[in-house]
Each structure stands twice: as C-alpha cells, then as structure tokens.
Amino acid sequence: MPFIPHTAAETAAMLEAIGARSVDELFDEIPARLRSGPLAGVPEALTEHEIGRLMRERAAADGEFLTFVGAGAYEHHIPAAVWEIAGRGEFYTAYTPYQAEASQGTLQLLYEFQTMIAGLVGLDCANASLYDGASALAEAVLMAVRLHGRSRRVLIPETVHPLYRKVVQTIVSAQSITIDLVPMNAAGTTDAGGLARGLEGAAGLVIPQPNFLGCLEDVHAMTASARRAGALAIGLVNPVACALLAPPGEWGPGCDIAVGEGQPLGAPLSSGGPYFGFMACRREHVRQMPGRIVGRTVDVAGQEAYTLTLQAREQHIRRSRATSNICTNQGLLVTAATVHMALLGPEGLRRVAAASHANTAALRARLEAIPGVRAAFPDTPFFHEVVLRLPVPVPEVLRALEAQGILGGCALGEFYPALTDSLLVCATETKTETDIAHYAHHLERIVSKRRLDPPCAYKDDNPRSP
Amino acid sequence: MLIFERGAPGRVNAPQMPRPPAPPGDIPPALLRRAPPALPEVSELQVVRHYTRLSQRNFAIDTHFYPLGSCTMKYNPRAAHVAALLPGFANRHPLAPESTGQGLLACLFELQEMLKDVTGMRAVSLTPMAGAQGEFAGVAMIRAYHVARNDLERDEILIPKAAHGTNPATAAMCGYRVREIDVRADGDIDLAALDAAIGPKTAGLMLTNPSTLGVFDRHIEDIAQRVHAAGGLLYYDGANLNAILGQVKPGDMGFDVVHLNLHKTFATPHGGGGPGAGPVGVGERLLPFLPVPMVGESGGRYYWITEKTRPQSIGRLSAFAGNVGVLLRAYVYARLVGREGMARIAQYAALNANYLLGRLSRLGFEPAYPGRRAAHEFLLTLKGLKEDTGVTALDVAKRLLDKGYHAPTIYFPLMVPECLLIEPTETESRDEIDGFVAAMAEVLAEAKTTPELLKSAPHTLPVCRVDEVRAARELDLAWRAHPTKA
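Heads up: the sequence lines are chains A and B, in that order.
Per this note's numbering: the first sequence = residues 13 to 478.
Per this note's numbering: the second sequence = residues 9 to 494.
Calculated from the structure, these hints are not laboratory results.
Once the Cα atoms are required to be at most 30 Å apart in a straight line, the calculated DSSO-like pairs of lysine-lysine come out as:
#	chain 1	residue 1	chain 2	residue 2
1	A	Lys-178	B	Lys-316
2	B	Lys-394	B	Lys-456
3	B	Lys-391	B	Lys-411
4	B	Lys-391	B	Lys-463
5	B	Lys-124	B	Lys-316
6	A	Lys-178	B	Lys-124
Chain A stretches covered by chain B per the calculated footprint, using a threshold of three residues with CB under 8 Å from any CB of chain B:
#	region
7	20-29
8	63-72
9	273-283
Note that the structure is predicted; figures quoted are calculated from it, not measured.
Ideal Cβ positions, reconstructed from N, Cα and C, are used throughout, including at glycine.
This is chain A alone, in the form it adopts within the complex (with noise of 0.2 Å):
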C-alpha cells in the first residue's frame, strides 16, 4: 500500500481497539447514499521506476532552448548549494513555524530573509514573502488602500507587466477599489502629464523599475510626485536590478512600499512557479503589512530567539477583519533564495545585474545591425531587456527560431496593439558571446529569408554547435 505502513496484522488489532468490525465501519457517519464507487477517472498505481520514467520522457520531449524570453521570469544561474540546503527534509518537510521553539532554523532563516530584501530594497522592514510578484502588487495595493483611508483608486502605469495588472484586477475589483491605467510615452516610459493628471485624489501610485519593457523610469520624480499628491509610492521590482540600481528607497522622498517578483534569487523558471513575491515597507506601516513576520526576541532563559509576530493582523486571529485571507509565505522558495543571496554576498549579486545588463546591451546592438532591426525606444536607459521591432510577423519569426532550438523573446502584440511588431528581448548573465551571436546569425538569416519569399520552414544548415 503506498506510504501506508499498516500490516494486515496491525490493521485488525488497530479495529479491535476501536471495537469496529472493518474500516468501512468507521464511515458510517457519513449517509450511504453519498458513498462513491471507485475513482474511474485515477489510473492505477505506478510504480517509482515506472512513474520516474514516465516523468523523464515528458520531462525529455518538452526539450531544453536557449532563452532569451524574460518578461517576469529570469534564467540566472542557481548555484548547487542552493537547493541542496533547501531539500534538506528539515526545511523541505517543515510546517508554518508556529511553534517557535520547534522552528528555530526556518524562523532565523525568515529574519535574515526578511534583512536582506529590506536592505536590497532600502526600506525598513520586509514580509517572509507572498505567493509571487503579481499577488504581491495586488497586496500592495490592497495596503495603500488600507494606509490611505479615504481614496480607494490606484494608478499603475501601462508600462507594468500586463500580466501583473490582470492579477491586480481579479485580486481588488470585488472591494470597489479602482485602478487607473496611465499611459505611456514613446519613449516606452510612464507619461509624466499623464500621472500628473491622475494623482490627484489617488491612495497610491505603483512605480514599476525597470518597467516591463526593460526600460528605466524616471523613479526620483515619479515618487516625488506620489509624495506630494498623498498618494502612496509603490515600488516594483527586480530583486537582482537592485543590487546595480537605486533602490525604492532611495527613490526621490522614498517609497512606503516595496514589492516583487523573488524568482531570480534561485528559483527555478519552472513554466512559472513556484516563486515567491516579497513585500518591505517603512516601518510605519508595517501593521498594515499583510503575511507573516518574524521578529527577534528572547525565550524565559534570555537567549536569543525567534518567532512569529504581529499575528494579530492575520486570519487566524483576526477572521474577516485580517489585513489579508493569505496564511501562506513561500517558505521552500524563501529558504533557497537566502541562501542564494548568502553565497552571492553584494558583489556578486551586483555582478549578475551588471553582467545582465552588459549582456543585453551586447545583444541588442547584434540584432539592431541586422537590416530592418531596430530598437523600440532607442534613447531610453534599460536594464536587462530591450525592445526591438521586427520588418517581418513576430509570431513567425518565433517559430522559426524554435526549430533552432532558441527561444527567442516575447512577442508584445498581445499586450500592446501598438507594438504588435515589437519582440522584448532578454540576456542575463547566463547568455554567452557565443550564444548572442548564434541568435543574431538565426534572426538575420530568418529576417533576410522571409523578406525575400514567405517560407514553409527553415531549417538551418548547420546545427548550433555547443
């Protein structure tokens, strides 16, 4: 019987303790008429051999490419410590640290956690993490909201992950808060007269750096405009573009939040989870923080400890008056990413940012020399994706660079009628000389090919050499 360790020996003793007759019996609270059958619709069991070869070959067939798609999850290097200390079954096993005595590893690991992102991010004090970055936006809002007290509208920028957006709406629409989109520029950047038009009367502003496009805002003034409207600065961003740019807060007058997506601090991509959203603020406002907390203190003895704290915000105390329903911190994907930021230390996480961005600069001015290639926004500062625009359909060209093995970007038509030619590309550190010039050989043989006659597929010649 999988992971059941009865013997029929034991099982009958077991019921002649409980005075049943057979285990049916001890169901029989439950109306006979709502007994179900057999589960028709769950296969028999596999065995571990058979299961991990099943899992092998699917694992197999969905292949391995060479990425250049960002676009809220990043492919960075995880070294081996990472998830070898976080599948330690003591972290991998562990439940909510509630009991603090018996949880004294995950919750120091949580307060140097919550250390690190709230010194990355340059504000006082962070969460142990919500569910992932998009949820951890909604949750800010949520918190503007609550810190506000007399606006319920938010403004986030058009240049915000489209996604996220999404997110945000199905998350706050059912508490009649209104999000107000504002426009961008064509500079791919949030338009300044656009925001100064919307501030006004706003509870918050989110301020995305970089922006979904790669590009940088003008972080200084935007927060400095949310300041002196009263609305709520809300800083999102990439947890490793903060170890190479100003942090939110450092933004103008400061941000009172920041959030986002934890996922290049050694998660893996994973076809988009899990990861982790992380949440820091001023310390003002951290009993309107949701998630959990933990916090030093000491046990009877005097030592040294940790535990939970500021509980009285949560469900489990406060039911429907709860800053938040969530009773969840991503703790696995948490512990990997304290450990991951251990080993890099400031350097080396300053490093990968860096090396991110050199790489995409690098890929960019191979794929613009490629005639009918050009960048989007080609003045604006960016971090570690650009925007290019295509003389050929970006959906071809993507399915034509798969064939190569490459993946090759995201197509923005979805998200932006207006660049429904424009491809957002990608290069962090992991992307060698090697491999941005094998992109630009494809994308140049694909354009060039596609100009001249409409093919049926294209085939290279001669396979990417590794």
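Given the structure of chain A, go ahead and fit chain B onto it with the hints provided.
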C-alpha cells in the same frame, strides 16, 4: 549567530560570480545604486554550514511525528521532488510556447482530470497558489455567478463558527459580510440557526466537511438543500479532504465549488510555510467563471485555456500558471497512489485517528465531541485538566516538544476551550502512534505531579519558551542595518 555576523568585508565566492562586466556607463548615474546592499560576505562553506546547522534547529516530518490537526502532515515522497526538478520541467520558461511543453501540459491535464473525479466536480482549474487563494477563487466565482444573473442583493456569506480563519477573511476580501452559524453540542451545524440566517441576502455557505471539529456533518444533504432553495451556493473548503478521499465526493454532497490543498491531501511539502497549491473545482453553474489559465486537450495536443475563450472567467491569480512545480509533485503522488490507494488514504487516516482517539480517551483525555467518530482528526479539550492543575493546552504542547513530538494544533477552533486538534495521518505506523500515546500519558502524569515542568517547557530544545509578547512589543524585524522599533 546570524549569517551577517559570520562575514568579512571583501569576502567573495568566485565560482558564483560572472566575470566582471563592462561598467553600465549608459545608465544615468542618478538611477544607479550608491552603496552596495547589506548582504552577508561569507564563503560557500560558511553558507552551507550555517544553513545546515539552522536546519537542525527545526522539527520536520522527516525527523518527527507531526500530529498537527487540520494540516495533514503526511510523508512527502521524494520521487515527486526529483521529478519536478527534472531539467525539462525546471528550466522551462513560463512563456515558452505550448509546442515546447506538451510533456508538462499532459501532466497538468491528467491532474485536472483526476481531481475532477476525486471531488465530483465538472472542471478544475489548477492555478490558485494556495488554499486561501483557492478559497478566494471560489468565493469570487460565487460572486461572479450572482452578478451574471443580475442577482445583486446577495451580500452575505454564511460560515460556521468552527471554520478556518481564512474563510471569513476570504469572504471579506470578496466584498461580502460574514454571518457566523452556530454549531450544536454534537459538532454538527445548528440547522435552526442556519434557517434563521439564510435568506435572500445569502450568496453562499462555506463549509469544511468533515469539519474542523473532526466530525462529518451528518445533515449535509439538508444543509445543501436549504442553501440551494434560498438561491445560494455551497463552497467546500478542502482542508480536510484527506478524510474522505475516495469515500464520498463533495459534488455528491451538493457542493458547487471546492478547493483542495495539494500540500495536505496530495503530500506536497509544506516547506516551512509554503509553497502550497489550491486548485478549484466547480459544478455546472460555475463553469464559465473558473480562473485561468487551465489546460485543454484536443486530438492529443494540449493547450492553455485563457481569458480569450473564457470571457466570464474571474481572471488570473498569478502572473503565469500558478505553482506548476507543486502541481507536478501532486501529479506524481497521485500516480504513485493510484485508484485504490486514494480510497485507502482516507481509510487509514480514519483508522489511525480513531485508534489514537480511543487510546487517549482511555488515558483520561476528554474528547470534545464524545460519541462521534473521528474523521481523520479529533479534538480533545483540556478544560478539566486546566481547572485541576492549572496546566494549559499550550503547556502540554510545549512539553510534547521535549518528548520528541511536534505539538498538535492548539486553541483552534476558537470555540472549544483549551483544545488540542490531533491528526495522525495515514502514513504513521501503529508503533509511532503508540509512542505518542506513551508521551501523552507521561505528560498527563507530569501535569498532576509536577505541573511546573509543563509550565516552563520546553527544556530540551535549542531555546526555552519564547517571549512572543516582547517580540510584538519591541519589534525587531531586521538585523542592524535596518533595525525597527515600533
């Protein structure tokens, strides 16, 4: 000692660093960071040793019996972890085209199909990232259903007093007022109280069955009939699905929407607080409103179902497709357990719970709902013990830690004084349960003879009882660089 205190300025891990890149001269200086972030500067060995040692300061399923009621702390098979980290799955970008994810999508589609059968629902969306997000999706769908029918007066959700705190918190997040329903002395819902609360304002009822009191509500059909007759919908909180897997389906009980906690019933790891996964299943009426994306199949090809073909969907709950890696682990677990194994899970969860309840009752512990079958968990109340000895549920919990057992859930549900909610799960052997009974017997004896031993417990853990009051009063949420005092 904190990791920050182990470092030395300038210490780096060369193998983890990219080669020095060109300086980012094209980024305006005002947009660059001035001082490096306060991250630790430690060697790889220091990191590995520090976190390995920290891990040893934890209880975990792998090291300890964890009878934590309502949390279903069962064994997490390693085969699931290994499969989820196969390079083809772990390295796949969320926006990679469907053509590069047929293996993954096949797993997810088959998981949807299995969960449909297990819950008796018409369709399942896997995207919610935790139980509470599944709850949110469920109640948001109830709301969308009423709105689509232009039935706009319904602004109340009914919730039994014993419910998880997430239920009322979720209802509030979805813009509903909460009306609490009393529970009778035998643990079932008070039907008269339900009748008094139900009406044209009722949007729905959220229910866990078996309930958080550890008993199966015998009047579930009556309850469903009454809620439906009033025009409301029934929400099934799947926290306790482990108790009825393969025995009775929420859909057959009359529920319209269900969420599952895959980190409970489907043995994915708790990871010290997450990640979870909270798929939602729905009956006929809520089909159009399911959150996206979901996985569809046509002629052997798998594809994402998005808002394009689901215009009435409540929308997206995560940037991509939810906690895919957790879903893969649950899929592997479901395939390892198989059809007959599913039904056996509930059987042996019930066997272990009723056996443990019987043994503890005979020791003198007082069941909160005597005469009832335990589902997969049961409630004891230490009210009498506290009156006699001054020892509280918290003291018993802390003393159990000394004896090498994780504490049961304490003080939940809030309505039962000094309670312990105990769930052994099906993966524990009789020997392990007998060991726990022996520990409970010792604790009970100590409570009567040396109550101080309990009141000052734990004594053998890395720290003694933690001062939580001070933690909340003198907030210290980050080390030195950014200390916080409230």
